[in-house]
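Participant: If you read the protein sequences in the order shown, they are chains A and B.
So in numbering that gives the first Met the number 0, the last spot in the first sequence is 319, and the numbers never skip.
So in numbering that gives the first Met the number 0, the last spot in the second sequence is 281, and the numbers never skip.
The hints are simulated quantities; they were obtained by calculation from the structure and are not laboratory data.
Quick caveat: nothing in here was measured; it's all calculated off a predicted structure.
Watch out, some of these pointers could steer you wrong.
No more than 25 Å apart at the CA atoms, straight line, and that leaves these computed lysine-lysine pairs for PhoX-like [to be verified]: (1) A:K261 x B:K212; (2) B:K262 x B:K122; (3) B:K69 x B:K42; (4) B:K87 x A:K262; (5) B:K42 x A:K151; (6) B:K91 x A:K261; (7) B:K262 x A:K137; (8) B:K25 x A:K151; (9) A:K147 x B:K25; (10) B:K69 x A:K261; (11) B:K103 x A:K151; (12) A:K196 x B:K69; (13) A:K196 x A:K129; (14) B:K91 x B:K122; (15) B:K69 x B:K214; (16) B:K135 x B:K122; (17) A:K261 x B:K214; (18) B:K212 x B:K103; (19) B:K87 x B:K214; (20) B:K135 x A:K262.
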Amino acid sequence: MVLAIQAKNLKIGYMDEEEQITWATRGVDLSVEEGESFCIVGESGCGKSTLASAIAGVLPPHALTMGKLYIFNQLVINESERNYNGIRGKVVSLIPQNPGTSLNPFLTIGDHFYYILRDVKGLSKSDSIKIAQEYLSKVGLGKDVLEKYPHKLSGGMQQRVLIAIALASEVKIIVADEPTSSIDANLRAQILNLLSKLVKEFKVTLLLVTHDLASASKICDRIAVMYAGKVIETGLTSSIISKPRHPYTRMLLDSVPLLGSKKSLNPLPGEPPSLVEDFTWCSFRDRCPFRIEQCSVEPPLIPVEDEPHLVRCWRFREVS
Amino acid sequence: MLEIQRGVIELNNEVIKLQDVTAGYKTVTGFKSILKRYQVVLKDINLTVSKGERVAIIGESGSGKSTLLKVIMGLLKPIKGEVYVYGKQIYKLPWRERVKIIRKIGYVPQDPYSALNPLLTVKHAISEPLEALGLKDEIIEQRVREAVKFVGLPQEVLNSTPDELSGGMRQRVLIVRALVAEPEILILDEPTSALDVSIQAQIINLLNDIYSKLKTTMITVTHDLAVAQYLADRAFILRNGSISEEGPIDQILSNPRSEYTRKLVLSYYVTSFKNNKSVGTE
Chain A
0 MVLAIQAKNL KIGYMDEEEQ ITWATRGVDL SVEEGESFCI VGESGCGKST LASAIAGVLP
60 PHALTMGKLY IFNQLVINES ERNYNGIRGK VVSLIPQNPG TSLNPFLTIG DHFYYILRDV
120 KGLSKSDSIK IAQEYLSKVG LGKDVLEKYP HKLSGGMQQR VLIAIALASE VKIIVADEPT
180 SSIDANLRAQ ILNLLSKLVK EFKVTLLLVT HDLASASKIC DRIAVMYAGK VIETGLTSSI
240 ISKPRHPYTR MLLDSVPLLG SKKSLNPLPG EPPSLVEDFT WCSFRDRCPF RIEQCSVEPP
300 LIPVEDEPHL VRCWRFREVS
Chain B
0 MLEIQRGVIE LNNEVIKLQD VTAGYKTVTG FKSILKRYQV VLKDINLTVS KGERVAIIGE
60 SGSGKSTLLK VIMGLLKPIK GEVYVYGKQI YKLPWRERVK IIRKIGYVPQ DPYSALNPLL
120 TVKHAISEPL EALGLKDEII EQRVREAVKF VGLPQEVLNS TPDELSGGMR QRVLIVRALV
180 AEPEILILDE PTSALDVSIQ AQIINLLNDI YSKLKTTMIT VTHDLAVAQY LADRAFILRN
240 GSISEEGPID QILSNPRSEY TRKLVLSYYV TSFKNNKSVG TE
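Here chain A stands alone, though its shape is the one from the complex (with noise of 0.2 Å):
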């Protein structure tokens, strides 16, 4: 078993004006064998979107680390230190979260391919072009898209030349971080088809972020559920989904609205605590309708008896 990605005790923060430090994640435990397809799921805020940055080496210069993250076995952040030297775009690509905006509008199709491929691998114009052409036609577009400015192309079509893109760079790790957020079923069901296809196809690695547990639960093999800055339930898809311990988990199952049926809607009560401060009691305690006195202290990771199914809530038992 090859890990393509372990996070130990991972710590980021951001420091404002006044010199207070937001910690967006909290101590992150994490390990991805390499081939998997692995789900990040959570609110806004949860610092999930920050997670996926670290692991894709686009951190900001001025976010604050701790911890250790390794990248099929190199060591990438070593507390405050940071070295992404022949593991940022060679070996971990992202799919970023709004493909309008993460092209660049002066630049035609063929010119994003050719810069990429030129800095990842050193190829030339005309090799790079062939290698485009190939690829985008695993993702369902013709070669006429490389002469084409992004404006003249819909978002699905964006979506899938930023996924071409990560895929001719041949790495081993995709990064997407919401890629399906705000658009619609039928563009949504294309594009979790094509990664899902590409996946096993390539044999790459996927780290999908989302707040959609419907489709994380299509296309990933294992789902970690983050909250306030820490994970707080990871297991198989079906485990999670089927039978989650975690009572916010449960919770967010049961705030998503479904066709054809007439439930009714549950949302969750209150708000995520702020992350400004430390804290060392279960971060859900306020917003928990299973929460007791034990709960005034944070739970570890708990083993859910013979599954390969972790928990931090100290009543799992009784929420499932």
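Assemble the complex: chain A is given as a structure, and chain B must be docked to it using the hints.
Facilitator: For chain B alone, kept in the frame of chain A given last:
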């Protein structure tokens, strides 16, 4: 029967009626036929909304949903066809008269993260529609406080700026701003698409609560079939600028007549929990 007379149509309880509306955006000027000078986005739209009705306009990106809203709100004059709001042909009215009619419409824009001015406090943002009506300061203050309470926001939020609020709170502020002038029609442009799943449920419940209390006519534009099902009783499916299907939403979703609607519903199931297959096997 409808009786058309001097631009006024007698309706039983229709509040909005679009008759053969074609609309779009100007592209080039010159000696070309009128249609060639426009990029046509909506084609021959016929649509009616009755008082107190909850209607959804469903379509993919680029299908013309937002353009249709602009036409209804008096912001985009159609190339041809008639638009009636409360029986008046709004585009044939002088601007001041048109504004009086349009004030009956409240609008909740799509993105709560960009729709609020970052420099204004919540109180200022909510007061603006009332200031435009020329109300006295004391009355504005009272109505703002009542409206904020009505959607379940704490009064302290009034002194906050948008960056201090979560996505769900911002969306509630936008709903308050639309409701504070007591509109008779509420238009919601993708009210939940920019929000997390957990906040989506809060906003859907809030909008249903508002409807049950106020019985305001509600028009929701969305690409999410499940959200439409919760917020509307009747739906129009928009495809490439034309209405491809209309009817009761439960019927459309359970027994779609057009191939396009069938495809939309299938796509939804492929990416939802209800389908046990992974998308890769479809």
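Participant: Please go over all the hints and tell whether each is borne out by the structure.
Facilitator: Tested hints:
1. Straight-line distance between C-alpha atoms of A:K261 and B:K212 comes to about 20 Å, which keeps the hinted pair within the 25 Å bound.
2. Annotation: proposed proximity of B:K262 to B:K122 is violated, straight-line Cα distance about 44 Å (limit 25 Å).
3. Among the hinted pairs, B:K69 with B:K42 is consistent with the structure: their alpha-carbon atoms are about 15 Å apart, no more than 25 Å.
4. At most 25 Å may separate the alpha-carbon atoms for a hinted pair to count; B:K87 and A:K262 exceed this at roughly 40 Å.
5. Restraint check for B:K42 and A:K151: the C-alpha separation of about 23 Å stays at or below 25 Å, so the hint holds.
6. A hinted pair counts as satisfied when its Cα atoms are at most 25 Å apart, and B:K91 with A:K261 does not qualify at roughly 42 Å.
7. A C-alpha spacing of about 23 Å is found between B:K262 and A:K137, which places the hinted pair at or below 25 Å, so the restraint holds.
8. A threshold of 25 Å between alpha carbons decides the hint, and for B:K25 with A:K151 the separation of about 18 Å falls inside it, so the pair holds.
9. Only pairs whose Cα atoms come within 25 Å are accepted, and A:K147 paired with B:K25 is accepted, the gap being roughly 23 Å.
10. Note on B:K69 and A:K261: the hinted pairing is violated, with a Cα-Cα distance of about 31 Å set against a maximum of 25 Å.
11. Between B:K103 and A:K151, the direct Cα distance comes to roughly 38 Å. Violation of the 25 Å bound is thereby established for this hinted pair.
12. About 40 Å separates the Cα atoms of A:K196 and B:K69, which puts this hinted pair outside 25 Å; it is violated.
13. Between A:K196 and A:K129, the direct Cα distance comes to roughly 22 Å. Compliance with the 25 Å bound is thereby established for this hinted pair.
14. For the suggested pair B:K91 and B:K122, the alpha carbons sit about 36 Å apart, so the restraint of at most 25 Å is broken.
15. In summary, the hint linking B:K69 to B:K214 is supported, as the alpha carbons are separated by about 23 Å, within the 25 Å threshold.
16. Note on B:K135 and B:K122: the hinted pairing holds, with a Cα-Cα distance of about 15 Å set against a maximum of 25 Å.
17. A distance of roughly 20 Å separates the Cα atoms of A:K261 and B:K214; the hinted pair therefore holds under the 25 Å criterion.
18. Our distance criterion of 25 Å between C-alpha atoms is met by B:K212 and B:K103, whose separation comes to about 18 Å.
19. For the hint pairing B:K87 with B:K214, the CA-to-CA distance comes to about 22 Å; that is within 25 Å, so the pair holds.
20. Only pairs whose Cα atoms come within 25 Å are accepted, and B:K135 paired with A:K262 is rejected, the gap being roughly 44 Å.
Checked against the numbered hints above, the structure violates hints 2, 4, 6, 10, 11, 12, 14 and 20; every other hint is satisfied.
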